[in-house]
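Novice: All chains, please: the whole structure from these sequences, using the hints.
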Amino acid sequence: MEFWNSTLGSGFILVGILDDSGYPELLCATITALYMLALTSNGLLLLVITMDARLHVPMYLFLGQLSLMDLLLTSVITPKAVVDFLLKDNTISFGGCALQMFLELVLGSAEDLLLAFMAYDRYVAICQPLNYTILMSHKVCWLLIATSWILASLTALIFTTYTMQYPFCKSREIRHLFCEIPPLLKLACADTSTYELMVYLTGVSVLILPLAVILASYVRILYSVLHMPSNEGRKKALVTCSSHLTVVGMWYGGASFMYVLPRQFHNPKQDNVLSVFYTIVTPALNPLIYSLRNKEVTGALRRILGKRLLPTQSAF
Numbered sequence: 001m002e003f004w005n006s007t008l009g010s011g012f013i014l015v016g017i018l019d020d021s022g023y024p025e026l027l028c029a030t031i032t033a034l035y036m037l038a039l040t041s042n043g044l045l046l047l048v049i050t051m052d053a054r055l056h057v058p059m060y061l062f063l064g065q066l067s068l069m070d071l072l073l074t075s076v077i078t079p080k081a082v083v084d085f086l087l088k089d090n091t092i093s094f095g096g097c098a099l100q101m102f103l104e105l106v107l108g109s110a111e112d113l114l115l116a117f118m119a120y121d122r123y124v125a126i127c128q129p130l131n132y133t134i135l136m137s138h139k140v141c142w143l144l145i146a147t148s149w150i151l152a153s154l155t156a157l158i159f160t161t162y163t164m165q166y167p168f169c170k171s172r173e174i175r176h177l178f179c180e181i182p183p184l185l186k187l188a189c190a191d192t193s194t195y196e197l198m199v200y201l202t203g204v205s206v207l208i209l210p211l212a213v214i215l216a217s218y219v220r221i222l223y224s225v226l227h228m229p230s231n232e233g234r235k236k237a238l239v240t241c242s243s244h245l246t247v248v249g250m251w252y253g254g255a256s257f258m259y260v261l262p263r264q265f266h267n268p269k270q271d272n273v274l275s276v277f278y279t280i281v282t283p284a285l286n287p288l289i290y291s292l293r294n295k296e297v298t299g300a301l302r303r304i305l306g307k308r309l310l311p312t313q314s315a316f
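According to full-length UniProt numbering, numbering within the sequence shown proceeds without interruption in unit steps and concludes at 316.
Calculated from the structure, these hints are not laboratory results.
Mixed in with the good hints there might be a few duds.
[Unchecked claim] Below, simulated SDA-like cross-link-like pairs (lysine to any residue); rule was C-alpha separation at most 20 Å, straight line:
id, residue 1, residue 2
1, K269, I13
2, K295, H56
3, K269, T202
4, K235, P129
5, K269, T30
6, K88, L26
7, K186, Q264
8, K235, L245
9, K295, L245
10, K80, F277
11, K186, L99
12, K186, G203
13, K295, M59
14, K186, F102
15, K295, L238
16, K80, I13
17, K88, T30
18, K186, Q270
19, K269, S21
20, K186, L301
21, K186, V260
22, K80, L39
23, K186, T202
Here the structure is a predicted model, which is why all the values come from computation and not from measurement.
Specialist: And the structure:
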């Protein structure tokens, strides 16, 4: 079998969803619009949480980190995909591919953990309100955030290094929107079965275990909410929690199909659609679903940007 020189001077060709679409110009415009929405909504939310001292509480600190991760994740992937399509040049260097994979793994894994910590925060706030200031102090909150980033970075470094050390076949085409482990391993000229099993087991650990924590937390939360004496408090808790669960479903749905579904069930077109969903669509919609319809956030926006720029009504 022939090999091509997979060194820092070599590169790959990304054949993503824009190349397989029947209406590439329309899809490119849609992806660009979603990216601009992600930049605007996540950037605005970060600005508000940073500038308004009333939002310097665990729930909004976690939301700020979620927005930062979403903003960075979509920026790692979307601009290159759009520029490549416009310039008709889909190449990416070996080093660029490794960097893109590393950053995507860091941000994706950190978001997995952060969503679990956010569910724990809501569990403590609703089920153990008297202990909330102790269990979710600022020190604990920042420790959980740091844990997300550190564990995600270590995991990403290990898997990126191991993936990129494989010899790759002469075909340079990665049939995917960006450099990601499953499609890249299809180009390897060595036996990757053991490594693929390791990727699968790690995917289960990083995705399914936090998801189990989230679901367990919300079972307890739902039980407590249904026994609340106040209808107003029950409604507010249900709206907040349903927003979080919507975000969780959007994120974990796409990521789980990519990393937990066995290889024989994958095909390039399906994987391309999934990658667009959890790296472009989800980051664009998260702030709208979870944060910008929140009374405290919209109130902070009015104080910072001026009442004339925003409506006086809020969702709850």
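Novice: Please go over all the hints and tell whether each is borne out by the structure.
Specialist: We went through each hint and held it up to the structure:
no.: 1; hint: K269 to I13; result: holds, 16 Å
no.: 2; hint: K295 to H56; result: holds, 15 Å
no.: 3; hint: K269 to T202; result: violated, 24 Å
no.: 4; hint: K235 to P129; result: holds, 17 Å
no.: 5; hint: K269 to T30; result: holds, 18 Å
no.: 6; hint: K88 to L26; result: holds, 16 Å
no.: 7; hint: K186 to Q264; result: holds, 12 Å
no.: 8; hint: K235 to L245; result: holds, 15 Å
no.: 9; hint: K295 to L245; result: holds, 18 Å
no.: 10; hint: K80 to F277; result: holds, 17 Å
no.: 11; hint: K186 to L99; result: holds, 19 Å
no.: 12; hint: K186 to G203; result: holds, 18 Å
no.: 13; hint: K295 to M59; result: holds, 13 Å
no.: 14; hint: K186 to F102; result: holds, 18 Å
no.: 15; hint: K295 to L238; result: holds, 14 Å
no.: 16; hint: K80 to I13; result: holds, 12 Å
no.: 17; hint: K88 to T30; result: holds, 18 Å
no.: 18; hint: K186 to Q270; result: holds, 15 Å
no.: 19; hint: K269 to S21; result: holds, 9 Å
no.: 20; hint: K186 to L301; result: violated, 47 Å
no.: 21; hint: K186 to V260; result: holds, 16 Å
no.: 22; hint: K80 to L39; result: holds, 15 Å
no.: 23; hint: K186 to T202; result: holds, 19 Å
When the structure is compared with the earlier hints, violations turn up for hints 3, 20 and for no others.
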